[in-house]
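The chain contents come next:
Number of protein chains: 6
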Amino acid sequence: MARAQLTRSIEFPAGHRYYRSEWSEQENAVRFGKCANEPAHGHDYRIEVTVEAEVDEQTGMAIDLSALDELLAQEILRPMDHAFLNDLPEFAGERAIPTTENLARAIWDRLVPGLPAACSLRRVRVREGRDLWSDYRG
Amino acid sequence: MARAQLTRSIEFPAGHRYYRSEWSEQENAVRFGKCANEPAHGHDYRIEVTVEAEVDEQTGMAIDLSALDELLAQEILRPMDHAFLNDLPEFAGERAIPTTENLARAIWDRLVPGLPAACSLRRVRVREGRDLWSDYRG
Amino acid sequence: MARAQLTRSIEFPAGHRYYRSEWSEQENAVRFGKCANEPAHGHDYRIEVTVEAEVDEQTGMAIDLSALDELLAQEILRPMDHAFLNDLPEFAGERAIPTTENLARAIWDRLVPGLPAACSLRRVRVREGRDLWSDYRG
Amino acid sequence: MARAQLTRSIEFPAGHRYYRSEWSEQENAVRFGKCANEPAHGHDYRIEVTVEAEVDEQTGMAIDLSALDELLAQEILRPMDHAFLNDLPEFAGERAIPTTENLARAIWDRLVPGLPAACSLRRVRVREGRDLWSDYRG
Amino acid sequence: MARAQLTRSIEFPAGHRYYRSEWSEQENAVRFGKCANEPAHGHDYRIEVTVEAEVDEQTGMAIDLSALDELLAQEILRPMDHAFLNDLPEFAGERAIPTTENLARAIWDRLVPGLPAACSLRRVRVREGRDLWSDYRG
Amino acid sequence: MARAQLTRSIEFPAGHRYYRSEWSEQENAVRFGKCANEPAHGHDYRIEVTVEAEVDEQTGMAIDLSALDELLAQEILRPMDHAFLNDLPEFAGERAIPTTENLARAIWDRLVPGLPAACSLRRVRVREGRDLWSDYRG
Numbered sequence: 001m002a003r004a005q006l007t008r009s010i011e012f013p014a015g016h017r018y019y020r021s022e023w024s025e026q027e028n029a030v031r032f033g034k035c036a037n038e039p040a041h042g043h044d045y046r047i048e049v050t051v052e053a054e055v056d057e058q059t060g061m062a063i064d065l066s067a068l069d070e071l072l073a074q075e076i077l078r079p080m081d082h083a084f085l086n087d088l089p090e091f092a093g094e095r096a097i098p099t100t101e102n103l104a105r106a107i108w109d110r111l112v113p114g115l116p117a118a119c120s121l122r123r124v125r126v127r128e129g130r131d132l133w134s135d136y137r138g
Numbered sequence: 001m002a003r004a005q006l007t008r009s010i011e012f013p014a015g016h017r018y019y020r021s022e023w024s025e026q027e028n029a030v031r032f033g034k035c036a037n038e039p040a041h042g043h044d045y046r047i048e049v050t051v052e053a054e055v056d057e058q059t060g061m062a063i064d065l066s067a068l069d070e071l072l073a074q075e076i077l078r079p080m081d082h083a084f085l086n087d088l089p090e091f092a093g094e095r096a097i098p099t100t101e102n103l104a105r106a107i108w109d110r111l112v113p114g115l116p117a118a119c120s121l122r123r124v125r126v127r128e129g130r131d132l133w134s135d136y137r138g
Numbered sequence: 001m002a003r004a005q006l007t008r009s010i011e012f013p014a015g016h017r018y019y020r021s022e023w024s025e026q027e028n029a030v031r032f033g034k035c036a037n038e039p040a041h042g043h044d045y046r047i048e049v050t051v052e053a054e055v056d057e058q059t060g061m062a063i064d065l066s067a068l069d070e071l072l073a074q075e076i077l078r079p080m081d082h083a084f085l086n087d088l089p090e091f092a093g094e095r096a097i098p099t100t101e102n103l104a105r106a107i108w109d110r111l112v113p114g115l116p117a118a119c120s121l122r123r124v125r126v127r128e129g130r131d132l133w134s135d136y137r138g
Numbered sequence: 001m002a003r004a005q006l007t008r009s010i011e012f013p014a015g016h017r018y019y020r021s022e023w024s025e026q027e028n029a030v031r032f033g034k035c036a037n038e039p040a041h042g043h044d045y046r047i048e049v050t051v052e053a054e055v056d057e058q059t060g061m062a063i064d065l066s067a068l069d070e071l072l073a074q075e076i077l078r079p080m081d082h083a084f085l086n087d088l089p090e091f092a093g094e095r096a097i098p099t100t101e102n103l104a105r106a107i108w109d110r111l112v113p114g115l116p117a118a119c120s121l122r123r124v125r126v127r128e129g130r131d132l133w134s135d136y137r138g
Numbered sequence: 001m002a003r004a005q006l007t008r009s010i011e012f013p014a015g016h017r018y019y020r021s022e023w024s025e026q027e028n029a030v031r032f033g034k035c036a037n038e039p040a041h042g043h044d045y046r047i048e049v050t051v052e053a054e055v056d057e058q059t060g061m062a063i064d065l066s067a068l069d070e071l072l073a074q075e076i077l078r079p080m081d082h083a084f085l086n087d088l089p090e091f092a093g094e095r096a097i098p099t100t101e102n103l104a105r106a107i108w109d110r111l112v113p114g115l116p117a118a119c120s121l122r123r124v125r126v127r128e129g130r131d132l133w134s135d136y137r138g
Numbered sequence: 001m002a003r004a005q006l007t008r009s010i011e012f013p014a015g016h017r018y019y020r021s022e023w024s025e026q027e028n029a030v031r032f033g034k035c036a037n038e039p040a041h042g043h044d045y046r047i048e049v050t051v052e053a054e055v056d057e058q059t060g061m062a063i064d065l066s067a068l069d070e071l072l073a074q075e076i077l078r079p080m081d082h083a084f085l086n087d088l089p090e091f092a093g094e095r096a097i098p099t100t101e102n103l104a105r106a107i108w109d110r111l112v113p114g115l116p117a118a119c120s121l122r123r124v125r126v127r128e129g130r131d132l133w134s135d136y137r138g
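Chains A, B, C, D, E and F are the protein sequences, given in the same order. Just so you know, the first sequence maps onto residues 1 to 138 in my numbering. Just so you know, the second sequence maps onto residues 1 to 138 in my numbering. Just so you know, the third sequence maps onto residues 1 to 138 in my numbering. Just so you know, the fourth sequence maps onto residues 1 to 138 in my numbering. Just so you know, the fifth sequence maps onto residues 1 to 138 in my numbering. Just so you know, the sixth sequence maps onto residues 1 to 138 in my numbering.
Covered stretches of chain F (in silico footprint by chain D; criterion: 3 or more residues with CB under 8 angstroms from a CB of chain D, positions within the stretch not fixed):
no.	stretch
1	97-110
2	127-136
Computed list of chain B residues with no C-beta within reach of chain A, every gap over 10 angstroms:
no.	residue
3	E27
4	E52
5	E57
6	A67
7	A92
8	D109
9	R110
10	L121
11	R137
Hint data in this document are derived by calculation from the structure and do not stem from the laboratory. Here a beta-carbon is modelled for each residue, glycine too, at the ideal position from N, C-alpha and C.
Next up, chain A with everything else stripped away, as it sits in the complex (with noise of 0.2 angstroms):
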């Protein structure tokens, strides 16, 4: 049997700020720069995420579209979309900063729950802007 990689991506603007209260705004600023001006910048985020599974040979598919398209509705664009990112429940509280780095680890967190069984989640692509990018692969 043949596996294949899928990618879907979907694109949402959200605001963020980075910024520890247990620095003084000069390491903030060294440590930051611009990242950490009051009270927030954002990004168009363009999020990718690529599943692998075998391909169903009645279907010809990898993973059903609209189950896919249906999660990432639900746990991605629904809590991120417009918001601003340093409120998520993974951010909260300084917990920790929302870079495309930790961004990319939340929504695969949130996504890995909600797959079917015989699909498994490859890679998380957060991207900020036309030139820079991070990648997840757990």
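Once you have looked at the hints, place chains B, C, D, E and F on chain A.
Relative to chain A, chains B, C, D, E and F alone:
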């Protein structure tokens, strides 16, 4: 002599929020939807600035590109990159909502005084994400 | 008051075929080339709809974007997404060939009645692949 | 010696339909949604073919690009450009559904025999629209 | 009858250098910066050619696309693909600098004689990299 | 701890020529085609540099992005922007042909010494135009 238009594109992330404090929460939600979320969301703005002029016979150029780039750096990138757009003079104190339409106009008004006399500004396009953009022509 | 243009872009796949049954196979092949192949080929159409209006001073918007999106969903996506374009009323019975030029015009005619009175349609662009597009301006 | 991967991208429009005549109309609709619409819809397929080889010290190339382009023209563009994919030998008679997953595999199988012995095929990516793609690695 | 515009885009790499031998090295450096570097640099030029015509009622087309493609192949791709633009007749002997502005004009002048009488050239756009382009409208 | 990959993309134009003086004109033409044209053609090169590291728990970053940008500016943009690639030490005296494959390797070798010890280089991708790119992984 030949006239030509030259367009320069730049990109920067910024934050904004659509909100009028004179309106109720409900009214803000109805008019602005998720764009009213606190404290802010943002975008990777792509700005396209189009100027028109006679093409100089010696240089083959409609405008000195390094001078245009310097103008864009001073008037757009310096104040707007990673900024909260609502804090710009054009929008502060809820003077105006920093929509793509109003941002295009603000950029127009910032650029006109700095352009060479022989060169006219023809269009400012502001892109927000992949699927939305506004054009302002003065 | 300031006037601005706002453009919304949407994408959908569809099928079409260029063929006139009044012509011989040879004539169809000469005029339409591979576009005459049975039963159909298709494209990932990218549609750009540009409207122009005064910018509302309170909202900073030229048009209510959610209303525009609803119009595009009803008049374009609902009937055209994954459809065989030759079956649309504008093209059925070989009334017209569903070229990019004619599709742009069909979309124009579908959108005009549903736009707010203060808002004028300025251009419909239909993109077919990366390297070809048609513009219709009414 | 250095190994490198080289990727060539090509684009063509084609038509396809997802349908199994052994299933009821209802079953086809449930499984395939709008992709079951008659007679066909289509896409502007973007194919990315990645090969790997030692870099030739004299030419600095991993593969003779003009030979690769000729192979892609013969094995992919000639049979698939403006074609109805369900009619290809790999899919005819409902042998398989021409999904992006299966198309990637079909292209893989077509290319392998024609590649130089020193050059290995590493990945075939098939893009359908902006937001969906499948990868096949043999 | 309906008028429409159709735009075709093509891409090719070429080389060029900005230099006037009547000027000192210093003057060339001040005016042209790194574009004066010997012997040449280059770009992946993207050309967009926009024509306008009545849409033919039988074919639904503003222009015979295969005829337009043949014209672009003969007048643009054949002489300019992988060429050193300074050697083209329009630029040879330092007659003019091959800037994007002048290249757009040269392409305009090459295309006009070969277009069908019913079809008018409306714009030639020359893109150089992602963030710069020139438009010439005759 | 979590590992992540971060990719930074930069763009610059440059010139190059494929030519071996030990070969006859005919041999050069057969092997290199139009890429042997005098004096040079060029491209808008897009470089994608992928690094991998543990994500710092305090900053949420796999690498200090401003340090990476400084490294790319010093080792890639300063020597290669608007340059004739054949003149770089890696290629001078026909030591090697500046193909995308060899350019990817040259960039790899330039970056490795300057990366932080905790950070490993994973891939250098060199794009030339829209439809061709090479990957080097060391």
